[in-house]
Every structure is written in structure tokens, then in C-alpha cells.
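Asks: Guided by the hints, dock chain U onto chain E, whose structure is given.
Residue numbers (our numbering), protein chains in the order written: chain E, 1 to 108; chain U, 109 to 221.
Note that these hints are calculated values from the structure, not bench results.
From the three backbone atoms N, C-alpha and C, an ideal C-beta is built for every residue, glycine too.
One should not assume that every hint holds.
[Said to hold, decoys possible] Looking from chain E toward chain U, a few residues come up when the C-beta cut is under 10 Å (computed):
#1 Pro14
#2 Gln38
#3 Ser49
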Amino acid sequence: QKEVEQNSGPLSVPEGAIASLNCTYSDRVSQSFFWYRQYSGKSPELIMSIYSNGDKEDGRFTAQLNKASQYVSLLIRDSQPSDSATYLCAVGYSTLTFGKGTMLLVSP
Amino acid sequence: SAVISQKPSRDICQRGTSLTIQCQVDSQVTMMFWYRQQPGQSLTLIATANQGSEATYESGFVIDKFPISRPNLTFSTLTVSNMSPEDSSIYLCSVEQLNTEAFFGQGTRLTVV
Numbered sequence: 001q002k003e004v005e006q007n008s009g010p011l012s013v014p015e016g017a018i019a020s021l022n023c024t025y026s027d028r029v030s031q032s033f034f035w036y037r038q039y040s041g042k043s044p045e046l047i048m049s050i051y052s053n054g055d056k057e058d059g060r061f062t063a064q065l066n067k068a069s070q071y072v073s074l075l076i077r078d079s080q081p082s083d084s085a086t087y088l089c090a091v092g093y094s095t096l097t098f099g100k101g102t103m104l105l106v107s108p
Numbered sequence: 109s110a111v112i113s114q115k116p117s118r119d120i121c122q123r124g125t126s127l128t129i130q131c132q133v134d135s136q137v138t139m140m141f142w143y144r145q146q147p148g149q150s151l152t153l154i155a156t157a158n159q160g161s162e163a164t165y166e167s168g169f170v171i172d173k174f175p176i177s178r179p180n181l182t183f184s185t186l187t188v189s190n191m192s193p194e195d196s197s198i199y200l201c202s203v204e205q206l207n208t209e210a211f212f213g214q215g216t217r218l219t220v221v
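Isolated chain E, as found in the complex (with noise of 0.2 Å):
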């Protein structure tokens, strides 16, 4: 069965500091990566997607993927109070199978 891990949190971290959301996976077959941001109340968004081993910067954000070790990441530089959310891992072949999503708590 394919499995999704993410700590729940919530994260705490002060504004202006890095946010370091981890996520682990079971399926070596996978070959594509997302990070979700969810408002409380709203649908996910979109906010980063890796396919290849390494680091893809985006603005503020950086997804970091290690398929050898079946691990992706997402930081986020210089965290704002409007970055509190549930970020949530998803991971594909075929089909996507999210984690249950970290909380960022961003506090001013």
C-alpha cells in the first residue's frame, strides 16, 4: 500500500525565519512530487512540483526530492504570518496518494 508519511505538527516558526516541512514515501516508483498549501476551509493549492533528485527554487520556496532515500522537502525562506496553512506531500505515478499534511503556524 502506498503510504505518504508527514509529521502533523504544527510547525511554530517566528516571521522572517526558514520553515522545513519534511515527507516521506513508500512507492519507489514514483516519479512526481507536490507540495499543497490548504487554507483552513479551502481547497489545496498548488504550490511546487519536482520530478528529478535535487533542489527547484521557486520564489520563497525550495523543494528538495532524494528518491534514493524516498524523501522530499520543502523550505520556505523569510516566512510570513499569511504562510500558516496545512501543507500537504503528494506523490504520483499514476495517481496521487497525499500525506496527511503538516500545520505551519508562522507567528509575527
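Replies: This is chain U only, laid out in the frame that chain E set:
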């Protein structure tokens, strides 16, 4: 990304009744999916909506309970049948585009009383 319109956005339904949720996309997409998100939980895939053929259901979900239609490449419906309070969830329509990136509709918040 595609614009996905899902309705209704929320509903309160009596147990034993059925609710049909609609998902409309502003462009043709190959893959459409239906997810459920129970309170405090992550997303669980219910089924893949296949255009012109029966939906492909995930383990634990059956057609009699969650019939799905996909008459064309821009529209799909999910019906939650014979509802019970355990069906109270957010139901999400999703479409897949380039490189398997999935985008979501606004969701339908269903409460069964």
C-alpha cells in the same frame, strides 16, 4: 492552470437522500478525479472519472454509493447516494494537466444530518 468550477459549494442534507456535485472545467482535460477529505484528514481518492466509460474506483469506494458521470472532457458529476452522517466531508474535483500536476476545484462541504 485550468479554471475548475465546482458546485454546490456546500449543502446540508438529510440522511437517506442523495446529492449530486458538479465539476466544470474551462478547457478539455484528459484526467478528472474525485477526492474526499474527511474532517482533520488528508485527501483520499474516490475514483478516476473516465470519459465515455465507467469510472475507476479506489479500494473502499463503490459505484452504487458514489456514481460518477463524465459525458465529455470538461464536465463530471459525483453523486453521494443514500447519505449517512459518516458521509459528511469535503468533496473535491481535481483535474490533471502537464506533468501530472493536479489542480482542485473549490470543494463541496457536505453535512449530513
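Asks: For every hint, state whether the structure bears it out.
Replies: The hints, checked one at a time:
1. Pro14: violated (26 Å)
2. Gln38: Given a least distance of 9 Å, the restraint on Gln38(E) holds.
3. Ser49: holds (5 Å)
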